[in-house]
Amino acid sequence: MEINYAADRKSLFVYLDGELDEYTAKQAKDSIDKKIDENIFVKNVVFDFSKASFMDSTGIGVLLGRYKKMKKVGMNGFIRNPSTSINKILQISGLYEIMPKIS
Amino acid sequence: MNNKMIIKFDSVSENERFARNVIASFLLPLNPSISELSDVKTAVSEAVTNAIVHGYPNGVGEVTMSAEIDGDEVHIAISDSGVGIENLESALKPFFTTKPDEERSGMGFTIIQTFMDDVRVISSLNSGTGVNMRKKINSVA
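Sequences listed follow chains A and B, in order. Position one of the first sequence corresponds to residue 1 (the working numbering), numbered consecutively onward. Position one of the second sequence corresponds to residue 1001 (the working numbering), numbered consecutively onward.
Incorrect hints may appear among the rest.
What the hints assert, rightly or not - Distance ranges between label pairs, derived from CB positions:
1. B:1095 with A:53: 22 to 32 Å
2. B:1068 with A:7: 42 to 52 Å
3. A:34 with B:1004: 44 to 54 Å
4. A:8 with B:1029: 47 to 57 Å
5. A:103 with B:1031: 14 to 24 Å
6. A:39 with B:1031: 43 to 53 Å
7. B:1018 with A:4: 21 to 31 Å
8. A:53 with B:1099: 25 to 35 Å
9. A:43 with B:1005: 46 to 56 Å
10. A:7 with B:1071: 16 to 26 Å
11. A:87 with B:1028: 41 to 51 Å
12. A:96 with B:1101: 22 to 32 Å
Claimed, not checked - Once the Cα atoms are required to be at most 30 Å apart in a straight line, the calculated DSSO-like pairs of lysine-lysine come out as:
13. A:43 with A:26
14. A:26 with B:1093
15. A:69 with B:1136
16. A:71 with A:34
17. A:101 with B:1099
18. A:88 with A:68
19. A:72 with B:1093
20. A:72 with B:1136
21. A:26 with B:1136
22. A:69 with B:1093
23. A:68 with A:26
24. B:1008 with B:1093
25. A:88 with B:1099
26. A:88 with B:1136
27. A:68 with B:1099
28. A:71 with B:1093
29. A:72 with B:1099
30. A:71 with A:26
31. A:68 with A:35
32. A:71 with B:1099
33. A:101 with B:1093
34. A:35 with B:1008
35. A:88 with B:1093
36. B:1004 with A:51
37. A:29 with B:1099
38. A:88 with A:51
39. B:1093 with A:29
40. A:51 with A:34
Hints listed in this document are in silico derivations from the structure and should not be mistaken for laboratory results. Note that CB positions come from ideal geometry on N, CA and C, so glycine has one too.
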């Protein structure tokens, strides 16, 4: 999995590229946490899934963990462009209740 | 059509992708839709992750994946010879996890149940766990 970032004054954009599973989760967590720390003054973190080809429930764990970290410093999380199957997983697990889907 | 296969691999997370790709290739002759294919890949990934993370928490063991195509239906069994599940009833509930400190969602079995037509889990302490699942593939061809 490759993760690319972009940021403006209000938001940090996290572009997930590839497969998010048990094998790639640790690296993803560390990378995103580091970026959040570097952009501690932004209001929003947008997770963009347009290039994410696969995610299972390990990915839900990754998002939940980041949500907890972001909440502590008052950041909001959003999800953008999930594939049909990733969307289904996010829906079943109720993730959109804490990180709404935006277009 | 009818076909079957079996593979064994080490319980290391690199092999999750391998297992997903094997099952996807095996299913191709049934002409699955993209959504059916990703449903099965996700279910396999969940069961294999469980075997790796929970079945063998203290080391590397062996995971077996077998699959059988029976007409337009696929049966998949993923098993390990690991520690087994102490309380299967709890383990099957959404959001239940034995490792909350590791940022785990507890959604694995719920996702398998949602994505497959039928799931059966057999587990016995210190001898292992088997996840048997079934899905009808409505060929688009």
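Okay, the hints, checked on the actual structure:
1. Roughly 26 Å separates the CB atoms of residue 1095 of chain B and residue 53 of chain A, a value that falls within the hinted 22 to 32 Å.
2. Take residue 1068 of chain B and residue 7 of chain A: their Cβ atoms lie about 50 Å apart, and the range 42 to 52 Å holds.
3. One distance hint, 44 to 54 Å for the beta-carbon pair residue 34 of chain A and residue 1004 of chain B, holds here, with the actual separation near 46 Å.
4. At roughly 49 Å, the beta carbons of residue 8 of chain A and residue 1029 of chain B sit within the given window of 47 to 57 Å.
5. As the Cβ distance of residue 103 of chain A to residue 1031 of chain B is approximately 32 Å, the hint placing it in 14 to 24 Å is violated.
6. Taken as a hint, the range 43 to 53 Å holds for the pair residue 39 of chain A and residue 1031 of chain B, whose Cβ atoms sit roughly 46 Å apart.
7. Judged by the Cβ atoms, the range 21 to 31 Å given for residue 1018 of chain B and residue 4 of chain A holds: they are separated by roughly 26 Å.
8. With their beta carbons about 26 Å apart, residue 53 of chain A and residue 1099 of chain B fall inside the hinted range of 25 to 35 Å.
9. Roughly 51 Å separates the CB atoms of residue 43 of chain A and residue 1005 of chain B, a value that falls within the hinted 46 to 56 Å.
10. Checked against the given bound of 16 to 26 Å, the beta carbons of residue 7 of chain A and residue 1071 of chain B, roughly 53 Å apart, lie outside it.
11. In this structure the supplied range 41 to 51 Å is violated for residue 87 of chain A paired with residue 1028 of chain B, their Cβ-Cβ distance being about 24 Å.
12. For residue 96 of chain A and residue 1101 of chain B, the Cβ-Cβ distance of about 25 Å falls inside the hinted range of 22 to 32 Å, so the restraint holds.
13. The suggested pairing of residue 43 of chain A with residue 26 of chain A holds, with an alpha-carbon distance near 25 Å, which does not exceed 30 Å.
14. For the proposed pair residue 26 of chain A and residue 1093 of chain B, the alpha carbon gap of about 25 Å is at most 30 Å, so the pair holds.
15. Distance hint between residue 69 of chain A and residue 1136 of chain B is unfulfilled; the C-alpha atoms sit about 41 Å from each other, more than 30 Å.
16. Annotation: proposed proximity of residue 71 of chain A to residue 34 of chain A holds, straight-line Cα distance about 15 Å (limit 30 Å).
17. Annotation: proposed proximity of residue 101 of chain A to residue 1099 of chain B holds, straight-line Cα distance about 27 Å (limit 30 Å).
18. Distance hint between residue 88 of chain A and residue 68 of chain A is fulfilled; the C-alpha atoms sit about 22 Å from each other, no more than 30 Å.
19. A hinted pair counts as satisfied when its Cα atoms are at most 30 Å apart, and residue 72 of chain A with residue 1093 of chain B qualifies at roughly 28 Å.
20. A distance of roughly 45 Å separates the Cα atoms of residue 72 of chain A and residue 1136 of chain B; the hinted pair therefore is violated under the 30 Å criterion.
21. Proximity of residue 26 of chain A to residue 1136 of chain B is assessed by CA-CA distance (about 34 Å); at most 30 Å being required, the pair is judged violated.
22. Between residue 69 of chain A and residue 1093 of chain B the alpha-carbon distance is near 26 Å, which keeps this suggested pair within the 30 Å criterion.
23. Under the criterion of a C-alpha separation no larger than 30 Å, the hint pairing residue 68 of chain A with residue 26 of chain A is consistent with the structure, at around 16 Å.
24. For the proposed pair residue 1008 of chain B and residue 1093 of chain B, the alpha carbon gap of about 28 Å is at most 30 Å, so the pair holds.
25. Taken as a hint, the residue 88 of chain A and residue 1099 of chain B pair is honoured in the structure, with Cα atoms around 24 Å apart against an allowance of 30 Å.
26. Restraint check for residue 88 of chain A and residue 1136 of chain B: satisfied, since their Cα atoms lie roughly 19 Å apart, inside the 30 Å limit.
27. Restraint check for residue 68 of chain A and residue 1099 of chain B: the C-alpha separation of about 16 Å stays at or below 30 Å, so the hint holds.
28. This hinted pair checks out: residue 71 of chain A and residue 1093 of chain B have alpha carbons roughly 26 Å apart, not beyond 30 Å.
29. Between residue 72 of chain A and residue 1099 of chain B the CA atoms are separated by roughly 22 Å; this keeps the pair inside 30 Å, and the hint holds.
30. A hinted pair counts as satisfied when its Cα atoms are at most 30 Å apart, and residue 71 of chain A with residue 26 of chain A qualifies at roughly 20 Å.
31. For the hint linking residue 68 of chain A to residue 35 of chain A, the alpha-carbon distance of about 15 Å falls within 30 Å, and the restraint holds.
32. For the hint linking residue 71 of chain A to residue 1099 of chain B, the alpha-carbon distance of about 21 Å falls within 30 Å, and the restraint holds.
33. A hinted pair counts as satisfied when its Cα atoms are at most 30 Å apart, and residue 101 of chain A with residue 1093 of chain B qualifies at roughly 25 Å.
34. Proximity of residue 35 of chain A to residue 1008 of chain B is assessed by CA-CA distance (about 39 Å); at most 30 Å being required, the pair is judged violated.
35. At most 30 Å may separate the alpha-carbon atoms for a hinted pair to count; residue 88 of chain A and residue 1093 of chain B meet this at roughly 18 Å.
36. Restraint check for residue 1004 of chain B and residue 51 of chain A: the C-alpha separation of about 33 Å exceeds 30 Å, so the hint is violated.
37. For the suggested pair residue 29 of chain A and residue 1099 of chain B, the alpha carbons sit about 17 Å apart, so the restraint of at most 30 Å is met.
38. Between residue 88 of chain A and residue 51 of chain A, the direct Cα distance comes to roughly 16 Å. Compliance with the 30 Å bound is thereby established for this hinted pair.
39. Proximity of residue 1093 of chain B to residue 29 of chain A is assessed by CA-CA distance (about 26 Å); at most 30 Å being required, the pair is judged to hold.
40. Restraint check for residue 51 of chain A and residue 34 of chain A: satisfied, since their Cα atoms lie roughly 21 Å apart, inside the 30 Å limit.
Violated hints, listed in ascending order, are 5, 10, 11, 15, 20, 21, 34, 36; each of the other numbered hints is respected by the structure.
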